Amino acid sequence: MTIDAAHGAPPGTGAQPPPELVQLLTPEGERIEHPEYDVDLTADEIKSLYRDLVIVRRLDTEALALTRQGELGVWASLLGQEAAQIGSGRALGPGDMAFPSYREHGVAWCRDVDPVKVLGLFRGVNHAGWDPREHNFHLYTIVIGSQTLHATGYAMGIQRDGTEDAAIVYFGDGATSEGDVNEAFVWSAAQNAPIVFFCQNNQWAISEPLERQSRIPLYRRAEGFGFPGIRVDGNDVFAVLAVTKRALDNARSGQGPTLIEAFTYRMGAHTTTDDPTRYRLQAELEAWKLKDPIERVKAYLVKSQMADKEFFAAIDEEAKSIGSDLRKRCLELPDPEATAIWENVYATEHAPLAGERDRFTSYLGSFEEVTR
Amino acid sequence: MSTETLSLSRAMNEGLRKAMENDPKVVVMGEDVGKLGGVFRVTDGLQKDFGEARVIDTPLAESGIVGTAIGLALRGYRPVCEIQFDGFVFPAFNQITSQLAKMRMRSLGTLELPVVIRIPFGGGIGAVEHHSESPEAYFTHTGGLRVVACSNPSDAYTMIQQAITCPDPVIFFEPKRRYWDKAPVELDLSAAAPFDRAVVAREGSDVTLLAYGPMVKTCLEAAQADDNRSIEVVDIRSLNPLDESTVLESVRRTGRCVVVHEAPVFGGYGAELAARITEKCFYNLESPVLRVGAASTPYPPSRLEDHYLPDLDRVLDAVDRTFEW
Chain A
26 MTIDAAHGAP PGTGAQPPPE LVQLLTPEGE RIEHPEYDVD LTADEIKSLY
76 RDLVIVRRLD TEALALTRQG ELGVWASLLG QEAAQIGSGR ALGPGDMAFP
126 SYREHGVAWC RDVDPVKVLG LFRGVNHAGW DPREHNFHLY TIVIGSQTLH
176 ATGYAMGIQR DGTEDAAIVY FGDGATSEGD VNEAFVWSAA QNAPIVFFCQ
226 NNQWAISEPL ERQSRIPLYR RAEGFGFPGI RVDGNDVFAV LAVTKRALDN
276 ARSGQGPTLI EAFTYRMGAH TTTDDPTRYR LQAELEAWKL KDPIERVKAY
326 LVKSQMADKE FFAAIDEEAK SIGSDLRKRC LELPDPEATA IWENVYATEH
376 APLAGERDRF TSYLGSFEEV TR
Chain B
215 MSTETLSLSR AMNEGLRKAM ENDPKVVVMG EDVGKLGGVF RVTDGLQKDF
265 GEARVIDTPL AESGIVGTAI GLALRGYRPV CEIQFDGFVF PAFNQITSQL
315 AKMRMRSLGT LELPVVIRIP FGGGIGAVEH HSESPEAYFT HTGGLRVVAC
365 SNPSDAYTMI QQAITCPDPV IFFEPKRRYW DKAPVELDLS AAAPFDRAVV
415 AREGSDVTLL AYGPMVKTCL EAAQADDNRS IEVVDIRSLN PLDESTVLES
465 VRRTGRCVVV HEAPVFGGYG AELAARITEK CFYNLESPVL RVGAASTPYP
515 PSRLEDHYLP DLDRVLDAVD RTFEW
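Heads up: the sequence lines are chains A and B, in that order.
For the first sequence, the residue numbers in my numbering are 26 to 397.
For the second sequence, the residue numbers in my numbering are 215 to 539.
Don't read these hints as lab results, they were simulated from the structure.
Model, not experiment: these values are computed from the prediction.
Any given hint could turn out to be false.
[Claimed, not checked] Some but not every residue of chain A turned toward chain B, in silico, with C-beta under 7 Å:
| hint | residue |
| --- | --- |
| 1 | 152 |
| 2 | 153 |
| 3 | 164 |
| 4 | 178 |
| 5 | 179 |
| 6 | 181 |
| 7 | 182 |
| 8 | 208 |
| 9 | 292 |
| 10 | 319 |
| 11 | 320 |
| 12 | 323 |
| 13 | 375 |
| 14 | 376 |
[Unchecked claim] Pair by pair, the computed Cβ-Cβ distance ranges are:
| hint | chain 1 | residue 1 | chain 2 | residue 2 | range |
| --- | --- | --- | --- | --- | --- |
| 15 | A | 298 | B | 481 | 30 to 38 Å |
| 16 | A | 379 | B | 510 | 26 to 34 Å |
| 17 | B | 514 | A | 95 | 52 to 60 Å |
| 18 | B | 510 | A | 306 | 50 to 58 Å |
| 19 | B | 323 | A | 70 | 35 to 43 Å |
| 20 | B | 274 | A | 248 | 15 to 23 Å |
| 21 | B | 511 | A | 309 | 28 to 36 Å |
| 22 | B | 339 | A | 302 | 56 to 64 Å |
| 23 | B | 398 | A | 159 | 46 to 54 Å |
| 24 | A | 149 | B | 339 | 34 to 42 Å |
For glycine and all other residues, C-beta sits at the position ideal for the given N, C-alpha and C.
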């Protein structure tokens, strides 16, 4: 196994994808068969997936613009990873619990989290504005890989409750080097926990390419821990949906964890503070643009005559309006009161903190008296 | 009211048992806590009585113990984790300080993580390295955590139950050199002090000794041994939040104070106590607050630990010094 093989053949470069990559829709928009996986989608369902893909890309574009204008402190763009997120997000049942990293804005959309609440974190008005229990979508987790253990524990809770739910946890290629991710693999295997490990291999951990992290394809790591691993074309929303559904069903029926490696590409920078021109070639980006997750669905819809020009125009219009609404509401997000610093730290009484807060309040008050 | 004489380890065991009986959501997890009953036998017999789903022998992965406990708590469980020894808690440090401590605040109060992390701590048992440490200041410095230490069997029994019913995450330090000390344990919780209160363990009028965990007994012995002075001993019990009023009330009365802990003095918990007392009892103090603790070094080989750790003589030496001003 050479180091190059760790990357695998990029999807869509040949007539057929490599057998290890599950693909159901080629970059050119051709539906293809896979011996083990398939999805049976109506025209409306496909159109709905397309709508999600376009809207989350539009929300992402809006957030990038807001960051450039100084309205957000930073933004982690999902550009290029829409299919991985929408495909897996739409595979979830209402009772399933998703544990995101910090780039899963598309999954948040699938879990009905108001996008302005996601922006709240990046604007700095809170650390997470949504109720994770209401959406079955946990808080974003920034310390890489930590959430894989939370998902594992949650899945152990599901086992003890005896319900037919599963947990899914999102992380990136870089996270697979973290101890916590490997501990989560060990634990979930030993516990046979109902969990899906969803790795978006977007090829870059900020500036570090995959060969800095692994000598083998990431999906093959699972075997050593004792559960199946599978690599899916992460830019193919049909294939991601099919593979994730199967893994979730397996988890629910007591077959334990699955590692899914969604083979995709981070089209943008790691975050708005990053400059990818320092470490990667433009040619690589251009090659991946040809495998765009949205264009292939559009091509398929056109070729199969499921959608016409009016449909695409209407989706674009809707996305635009959702985007400008998001912009407006982002700018209206109020800064929290200073005393919010001391709120929600403990559920119970904490006299020393209350003392600090009260002293700070009277300190602030002393300014007001002077201005009067 | 009914009392029973128990070792601290047994009292912990009975407290855990009670908590598990009272709430089916309480689960105990850690390395060797099942069949073996824990290396200090604190969880002895629990797996037999409550089953493997509630008393979980975990992989040897401390970050995993705390990380999965967080997940279980998110699903509505009340995990009680055992970290086998103080020096093994550091692989779980991120999960405790960055995840467990902050999640309530990060979720704007929507998430509750009633996780208890039990840590046998402190030295004096002749152990090899990483088995005798006092890492409490790392955790008292982290907002969002409650940090408590029990010093005797009775508190072990009551405080573990109070910690388990608490909606906040609790780091629960157990003085490992006192595990086999026996004392009468009051089994009725109704009269017990809340677990976030300090208690006056021995009344006195000349000087206040502030201690927690294993050093409470050392301070009580020191107080007993000193025929010349009336020494008050306050058992801090709750390091965060600190029960400031009990501490300040005592020092205001005696006018002298010595803080005693096994942890290294520099940047230790005693510094917080000394600073607060100095600020709030300045005019009551006859002398500066003194600290007695370990050297500000890594824990030495155990043949040196009698020099490294505070003992009765070093406590009384500090008491003498407070009278030199």
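How the hints compare with the structure:
Using the Cβ-Cβ criterion of 7 Å, the hint placing residue 152 of chain A at the interface with chain B is satisfied: the shortest such distance is roughly 4 Å. Hint status for residue 153 of chain A relative to chain B: holds, with the closest Cβ pair at about 5 Å, below 7 Å. The criterion of a C-beta within 7 Å of any C-beta in chain B is met by residue 164 of chain A, whose closest approach is roughly 6 Å, and the hint holds. Look at residue 178 of chain A: its Cβ gets to within about 2 Å of chain B, closer than 7 Å, so that hint holds up.
Using the Cβ-Cβ criterion of 7 Å, the hint placing residue 179 of chain A at the interface with chain B is satisfied: the shortest such distance is roughly 4 Å. For residue 181 of chain A, the interface hint holds, the least distance from its beta-carbon to any beta-carbon of chain B being 6 Å, beneath 7 Å. With its C-beta approaching chain B no nearer than about 3 Å, residue 182 of chain A sits inside the 7 Å limit, and its interface hint holds. A cut of 7 Å between beta carbons decides the hint on residue 208 of chain A: the least distance to chain B is about 4 Å, and the hint holds.
This hint is violated: residue 292 of chain A has a C-beta 29 Å from the nearest C-beta of chain B, more than the 7 Å allowed. Below 7 Å, beta-carbon pairs count as interface contacts, and residue 319 of chain A has none with chain B, the closest being about 32 Å; its hint is therefore violated. Using the Cβ-Cβ criterion of 7 Å, the hint placing residue 320 of chain A at the interface with chain B is not satisfied: the shortest such distance is roughly 37 Å. For residue 323 of chain A, the interface hint is violated, the least distance from its beta-carbon to any beta-carbon of chain B being 38 Å, above 7 Å.
Hint status for residue 375 of chain A: holds, given a least beta-carbon distance of 5 Å to chain B, under 7 Å. Given the 7 Å rule on beta carbons, the hint for residue 376 of chain A holds: about 6 Å separates it from the nearest Cβ of chain B. Checked against the hint of 30 to 38 Å, the C-beta distance between residue 298 of chain A and residue 481 of chain B comes to roughly 33 Å, which is consistent with it. Our hint of 26 to 34 Å for residue 379 of chain A and residue 510 of chain B holds, since their Cβ atoms are close to 32 Å apart.
The hinted window of 52 to 60 Å between residue 514 of chain B and residue 95 of chain A holds, with their beta carbons roughly 54 Å apart. The hinted window of 50 to 58 Å between residue 510 of chain B and residue 306 of chain A holds, with their beta carbons roughly 52 Å apart. Evaluation of the 35 to 43 Å hint for residue 323 of chain B and residue 70 of chain A yields a pass: the beta carbon distance comes to about 38 Å. Distance hint check: the CB atoms of residue 274 of chain B and residue 248 of chain A are about 22 Å apart, consistent with the given range 15 to 23 Å.
As the Cβ distance of residue 511 of chain B to residue 309 of chain A is approximately 52 Å, the hint placing it in 28 to 36 Å is violated. Checking the proposed 56 to 64 Å range against residue 339 of chain B and residue 302 of chain A shows it holds: the Cβ atoms sit about 59 Å from each other. Evaluation of the 46 to 54 Å hint for residue 398 of chain B and residue 159 of chain A yields a pass: the beta carbon distance comes to about 49 Å. Checked against the given bound of 34 to 42 Å, the beta carbons of residue 149 of chain A and residue 339 of chain B, roughly 48 Å apart, lie outside it.
Of the numbered hints listed earlier, those contradicted by the structure are 9, 10, 11, 12, 21 and 24.
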